[in-house]
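In order, the protein sequence lines correspond to chains F and C. Numbering-wise, the first sequence is residues 1 to 327 according to the numbering used here. Numbering-wise, the second sequence is residues 1001 to 1327 according to the numbering used here.
Take these hints with a grain of salt, some might be off.
What the hints assert, rightly or not - Distance ranges between label pairs, derived from CB positions:
hint, chain 1, residue 1, chain 2, residue 2, range
1, C, 1308, F, 109, 51 to 59 angstroms
2, C, 1057, F, 137, 19 to 27 angstroms
3, C, 1039, F, 312, 46 to 54 angstroms
4, F, 307, C, 1265, 46 to 54 angstroms
5, C, 1165, F, 200, 37 to 45 angstroms
6, C, 1058, F, 137, 21 to 29 angstroms
7, C, 1074, F, 314, 22 to 30 angstroms
8, F, 260, C, 1057, 37 to 45 angstroms
9, C, 1265, F, 312, 36 to 44 angstroms
The set of hints was computed from the structure by calculation and includes no laboratory data. Positions of the beta carbon are idealized from the N, C-alpha and C atoms, including for glycine.
Read off the chains here:
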Amino acid sequence: MTTTLPKSDELSLDLYRQMHTIRRFEEEAARAYAQGKIGGFLHLYIGQEPIAVGASSVMRPDDYLLTTYRDHGMALARGMSPRAAMAELFGKVTGCSKGLGGSMHFFDVEHSMLGGYGIVGGHIPIAAGTAFASKYRGEDRVTLVFFGEGACSIGDFHEGLSLAALWKLPIVFVCENNEYSMGTPMSRTMSVEDVSMKALGYGMARDRFFVESVDQVREHLAEAIERARTLSEPTLVEIRTYRFRGHSMSDPGKYRTPDELEDRKKKDAVLRARAELVDEKGLKEAVEKLEAEVEEVIADAVRFAEESPEPGIELLEATTYSGEFAR
Amino acid sequence: MTVMRYREAIRAAMMEEMERDSRVFLVGEEVGHYQGAYKVSEGMLERFGEKRVLDAPITESGFTGISIGAAMVGLRPIVEYMTWNFSAVAFDQILNNAAKLRQMSGGQLTVPIVFRAPNASAKQVGSQHSHAMEHFYAHIPGLKVLAPATPADAKGLLKTAIRDDNPVLFMESETLYNIKGEVSDDPDLLVPMGKANIVRPGKDVSIIAWSRMVHVALEAATELAKEGVEAEVIDVRSLRPLDETTLVESVTRTHRAVVAHEGWPYGGVGAEIADRLQRLAFDELDAPILRATTLDVPMPYNAKLEQHVIPGVARVLENVRAVLYRS
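Excised from the complex, chain C in its bound form:
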């Protein structure tokens, strides 16, 4: 085990997989000579050279399409967007090509590709740079969507993603890049997709979260413990496939659930989880499932307003108290 930062864990996963498989390469804006906009790919150009660490001009749709084309004839690209916000201009490539090629070719083609970038809010970066894009992508059959909260999961899940034969979208967070944690040195340690992780067991309420919101949920759980409420915190990690079993089992124990995520409340992964739980565990529920989300407005720049819009500990607590009928 080595203690490393989240960004280093992602880098380690990419470097190990590139050592292991010559078909894997990294492409994106500023990933090479600049060493990565968030320094995730620092040192990779020096290690692998310009053939396998490619600086792309500002052409998200272009280099996304090129990578999908390369993947469908056998390479295994890792595409880095400077942030997931910029994937919007490549949305057609992801929706119409990455996700559809396999089915529309009658199963002749596969697209083994990873798209990765920081996702959701950062700090006062305004309305165009704060999107939680997992909700858009998890909607699409043919894609897989992961959102790790810890360095260990970042490494293990990214390695699994790179070895997967399907398009996998990997949601990182600028706010998590510096967090530290113990990470396995085993180059073959993979974290499976579709497995949620109970990061804090509890019996009174399930708080379901992913990415940065897992840390917010844990803070909320600490607060709740002071009030005598034992909250179970579940790190979903994998949004598609989704680990229904762990979620249902948790709610079967706690009978109450709050989904805490960044992104707007209209539709989205939180609504999907709420739907599944009410269908699969209806008789276990003692309260409606609530969601602590980003408010239903574009992200404002003003620091106080931004903090009001982003879901924080207070909003999670408010929702937990509501499902406990303690408000």
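Isolated chain F, as found in the complex:
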């Protein structure tokens, strides 16, 4: 790697706090879902947290981020408040999208979180468009777009990459390859396992690694972001990862064995980050303190979501069109 990022105990603790916050947020969301307080789909990010936290930590606050429907982790890593996130899941007007978007459509323009999208691959050209706008305006802002390996078979993935390479757009395409396209393993969806090779046909820079730590994510993505920012050239980065829960809450995950799941959980980068802080750096007290704080933040978010009002019908037409409703 050419990039060397600064490291400190303080930073490591902060990155762990963010990963732990996302995990605890989603565990509580799963509980609320089971209690019927959250409707529709709920796709959990548990297991992939180092990617969202690592990516956001090397982005500038004004860099754009777009992702899939598995978007809670990305939004929280970008700086969305757990209150706004939980309230959105509960369908409340205090949610990040006023309770109109739901789990799959977290938006927070103030934090450059430009959305979670529900059509696989459809957001990839949209993301390239935000990078196009940055270049058009002569800004050095970069876009990061995240998607799973399941998106790499659909046309919009290829059209987005093709145009970004042709027009030299400042964007990083990040494939979070969690090995399962819903219930189908990648061996049955892709003729070539190495997703990053798709970049070759477009003459695009590529990178690929199996995620082990948040620091590793930071190092790899910082390089791709730098390429976008200074050269206005796109990169396709494949990050091999694993989700510990089903595709969504309704998925019992019968397509993978308990042994496989247990084996992967032993490599959990969030728990490993904790072990490193506690066992190797002797920061047990600091870790337990921040975990207690996170518990309070999450409990507060749930309380806030429960107590918040629901959106009124007056929002429906007002959010459909800017200005007068066209009927």
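For this one, chain F is given, so just place chain C on it according to the hints.
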């Protein structure tokens, strides 16, 4: 006032708005170096350069998505499809992103974008190149749909569309590109959306049409005048929003209506107009509202069969006579 062709009026609207607002750009297949598949964008590359007149590869979904992404962060793209038929492969982008982003972001985002192309039948271009796509798009809340019949409206409505903060779909016609008419030189003359135009007043029957069919309706009205029937011809111009008031007022005078449009009879804008008129002016009607449409089959290549399938003067007359009980 200047006499110009329909295609020149569209070009004038785009060029004036691009002079006025640096955020406006044009993208599409063959719009630049080739000077436009139908020469609508002739000379624009020379005037504005490659940054603002972009030739795209054959990637309708890709460049539609990129333009939506650019619009949601502040640019104002004009997307040209070679014909509206090809927008079908970008339908997901228009339906799921352009039309939905505002609501699913809780009103945080707007998508100021214009999609424009020739629409409906041309001449013997076969089943895949003859679709009347306005019916598909007018169905979707979040979109606006315009279909001008004259050079003056083409210019004035396109300028309004470019300045609008919502996605606007602009239906042109290959068969109209060469027609001439007087057009205002005033760069700030806008034709408002949602206003129909009575192009020929009459008292016996209302013929409601848009785009090319306005000219067919006027021919039919001339024929009817020879029989002593005074037909009122209404150019709807704006399909969504729709000018209910003008339509209801007309039917209140004539008590009979025929909607004449290209596109199939199952559902569609004509059915929508018929529904509104029967609901809003039921007591005024002396006959069921009829529709003169494309026949309910894919467009055949054979010239005679094509003319049989496309709605022409004869089909309009047949329907008018039926509502007058003169058949």
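The hints, checked one at a time:
no.	hint	result
1	C/1308 with F/109: 51 to 59 angstroms	holds, 53 angstroms
2	C/1057 with F/137: 19 to 27 angstroms	holds, 23 angstroms
3	C/1039 with F/312: 46 to 54 angstroms	holds, 50 angstroms
4	F/307 with C/1265: 46 to 54 angstroms	holds, 53 angstroms
5	C/1165 with F/200: 37 to 45 angstroms	holds, 41 angstroms
6	C/1058 with F/137: 21 to 29 angstroms	holds, 27 angstroms
7	C/1074 with F/314: 22 to 30 angstroms	holds, 27 angstroms
8	F/260 with C/1057: 37 to 45 angstroms	holds, 41 angstroms
9	C/1265 with F/312: 36 to 44 angstroms	holds, 39 angstroms
The earlier numbered hints are all upheld by this structure, with none contradicted.
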